[in-house]
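*Asks:* Residues per chain are reported as follows:
2 protein chains.
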Amino acid sequence: MTEATFDVVAIGNAIVDILAQADDAFIQEQGMTKGSMQLMFSPADADALYAKMGPGREVSGGSAANTVAGIAALGGRCGFIGQVADDQLGQVFAHDIRAAGIRYNTAVRAGEPTTARCLIFVTPDGQRTMNTFLGASQFLPEAALDRELIASGAILYLEGYLWDPEEPRRAMRAAIDIARGAGRRVAFTLSDVFCINRHGDDFRKLMADGLIDILFANENELLALCQTEDFEAAVERAAGQVPLVVVTRSEKGAIAVKGGQRFAVAAEPIERVVDTTGAGDLFAAGFLHGQAQGHGVETSLKLGALCAAEIISHYGARPEADLKTLAAEKLG
Amino acid sequence: MTEATFDVVAIGNAIVDILAQADDAFIQEQGMTKGSMQLMFSPADADALYAKMGPGREVSGGSAANTVAGIAALGGRCGFIGQVADDQLGQVFAHDIRAAGIRYNTAVRAGEPTTARCLIFVTPDGQRTMNTFLGASQFLPEAALDRELIASGAILYLEGYLWDPEEPRRAMRAAIDIARGAGRRVAFTLSDVFCINRHGDDFRKLMADGLIDILFANENELLALCQTEDFEAAVERAAGQVPLVVVTRSEKGAIAVKGGQRFAVAAEPIERVVDTTGAGDLFAAGFLHGQAQGHGVETSLKLGALCAAEIISHYGARPEADLKTLAAEKLG
Numbered sequence: 117m118t119e120a121t122f123d124v125v126a127i128g129n130a131i132v133d134i135l136a137q138a139d140d141a142f143i144q145e146q147g148m149t150k151g152s153m154q155l156m157f158s159p160a161d162a163d164a165l166y167a168k169m170g171p172g173r174e175v176s177g178g179s180a181a182n183t184v185a186g187i188a189a190l191g192g193r194c195g196f197i198g199q200v201a202d203d204q205l206g207q208v209f210a211h212d213i214r215a216a217g218i219r220y221n222t223a224v225r226a227g228e229p230t231t232a233r234c235l236i237f238v239t240p241d242g243q244r245t246m247n248t249f250l251g252a253s254q255f256l257p258e259a260a261l262d263r264e265l266i267a268s269g270a271i272l273y274l275e276g277y278l279w280d281p282e283e284p285r286r287a288m289r290a291a292i293d294i295a296r297g298a299g300r301r302v303a304f305t306l307s308d309v310f311c312i313n314r315h316g317d318d319f320r321k322l323m324a325d326g327l328i329d330i331l332f333a334n335e336n337e338l339l340a341l342c343q344t345e346d347f348e349a350a351v352e353r354a355a356g357q358v359p360l361v362v363v364t365r366s367e368k369g370a371i372a373v374k375g376g377q378r379f380a381v382a383a384e385p386i387e388r389v390v391d392t393t394g395a396g397d398l399f400a401a402g403f404l405h406g407q408a409q410g411h412g413v414e415t416s417l418k419l420g421a422l423c424a425a426e427i428i429s430h431y432g433a434r435p436e437a438d439l440k441t442l443a444a445e446k447l448g
Numbered sequence: 117m118t119e120a121t122f123d124v125v126a127i128g129n130a131i132v133d134i135l136a137q138a139d140d141a142f143i144q145e146q147g148m149t150k151g152s153m154q155l156m157f158s159p160a161d162a163d164a165l166y167a168k169m170g171p172g173r174e175v176s177g178g179s180a181a182n183t184v185a186g187i188a189a190l191g192g193r194c195g196f197i198g199q200v201a202d203d204q205l206g207q208v209f210a211h212d213i214r215a216a217g218i219r220y221n222t223a224v225r226a227g228e229p230t231t232a233r234c235l236i237f238v239t240p241d242g243q244r245t246m247n248t249f250l251g252a253s254q255f256l257p258e259a260a261l262d263r264e265l266i267a268s269g270a271i272l273y274l275e276g277y278l279w280d281p282e283e284p285r286r287a288m289r290a291a292i293d294i295a296r297g298a299g300r301r302v303a304f305t306l307s308d309v310f311c312i313n314r315h316g317d318d319f320r321k322l323m324a325d326g327l328i329d330i331l332f333a334n335e336n337e338l339l340a341l342c343q344t345e346d347f348e349a350a351v352e353r354a355a356g357q358v359p360l361v362v363v364t365r366s367e368k369g370a371i372a373v374k375g376g377q378r379f380a381v382a383a384e385p386i387e388r389v390v391d392t393t394g395a396g397d398l399f400a401a402g403f404l405h406g407q408a409q410g411h412g413v414e415t416s417l418k419l420g421a422l423c424a425a426e427i428i429s430h431y432g433a434r435p436e437a438d439l440k441t442l443a444a445e446k447l448g
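Chains as they are written, first to last, in our numbering: chain A, 117 to 448; chain B, 117 to 448.
If you're looking for bench data, these hints aren't it; they were derived computationally from the structure.
Repeated chains share a single entry, so a pair holds when one copy, or any two copies, can fit it.
Computed cross-link-like contacts, SDA-like style, restricted to lysine to any residue with a CA-CA straight-line distance of at most 20 Å:
id : residue 1 : residue 2
1  : LYS440    : SER429
2  : LYS150    : ASP241
3  : LYS374    : GLU335
4  : LYS168    : ARG214
5  : LYS374    : ARG320
6  : LYS440    : ALA136
7  : LYS168    : GLY191
8  : LYS440    : GLY170
Required output: the full structure, derived from the provided sequences and hints.
*Replies:* Below is the structure:
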């Protein structure tokens, strides 16, 4: 096994987020499930919902992409693989991820559909409700995988969301083989309860087959994955199959289980929750950076909580503050 | 003269801002003048600078467009005229201005160049340094003017920036004729010192010809326009030709002169200046809304200061807070 030249290589949907404020009545009227991610299958659906949206701001997003952006902001070396179209939003995505210092060289895809957009409605409580048009992102082909990049990352990080479209799902499986073949660890985030409802069998099989080394979930996702309503039972079940399980619990902080030992961290106190978009993604960023730096689980959890707190204090899921300095202050 | 159905109709560059953090060293290295607006004449120049920029966030901008977005957020009825291209950034601009409740029906322009972009570097002190690629915006033809819309606005609001390209300059002059022919007031913002250096003669002639009813400037712009270093002399000179002169003075607040009487307002105290982009635009919004609502100069100045304070407390030049409620609280 050669030494890893990247800390984390992620594969995920390459999305530009469009964020706007909305009230709870709007979320209800539109039949959205608050706090979840819903797919929009046609450009017409996406346009119709966009027309109902308030004035927006655009920030690059995508769950795994947000995570590597966070790790890079902390000083980690990252790569990203994800599909954009040959359009302005694709240029924005590619610019932002490269400007964050991340290796990104997935070739753009010509023609329709456009680059993925996620229409995010942020309610006054800071909760985000997402509506994603996957666009070009759902056509990430196995052939687009940079095998060398994947093999050179200490950790391969995958998002559950990518299981929805067929081509990326195939690509994910191939990427897992490449990473494991190179002796790397595979980290996986469950993404969303509805996503688990759609692909739980696949996710459970990945775990049962011992293909996942680090699992990220929030409470509800873990319950859905383990098909139980008992949190402790769910944690036990997941920890029985995955060497390192990390569960975020919003304002209750997060826990992790490794080798039968359980660790916990409280949520960082913050002045005002502006927009929770990316909270889980940035928690994963802090945690993975801690792992990559050789820190223990406890310190990794602390870094996760710190990054999550930064991201929910402003709009958008890419860090605005100097995470490196914040982390140095925190860890002393 | 028929009753006006719009409070303010604005004509301006239709721009999407791309904002990123930068340090002072970068501004210097790039040979930019901190705090100013510089034009980029080719798409290649724009792309080259974009490549050097950090991760960005996109928010609709354009000076006069920001102003009407502010007025609309305060509850005013507004229209906007400005040229975008048939591309994704054009869709973003059109969506955002319509979503703000503003009448906007300028037809998109097919083919090259793209919709205007402004690359805005925000330094740690909150100051913004702008680099604009005018793109489609510079091809706003006189034929695109909605004459009925202009004639139905109590105030026509124009930005000095539009004097740079030839076609919009012609359109501006025609719009002034339409507005004055309909018995409306014409408000004009000087935009930028360098812009005045380029077009001061035109601006001075507009004033001398009695075509401007309300003039907006900051201190440096007024000095450049009046070709003096003496602030009092400049105020006097401008007030001799324009019935209502409004001068913003950053942290010193703002003054206005009307009918020989001078009014002043202090700057609103704010916790932290995040990004001054749009401060002048939103000051104009508050002031013009006050005027449209029939308030006196003093109250109009207060509204201006309030809106400017809101906009500099976050990234981007479009309001995020509920300006209407803020204004109601402020004015009691």
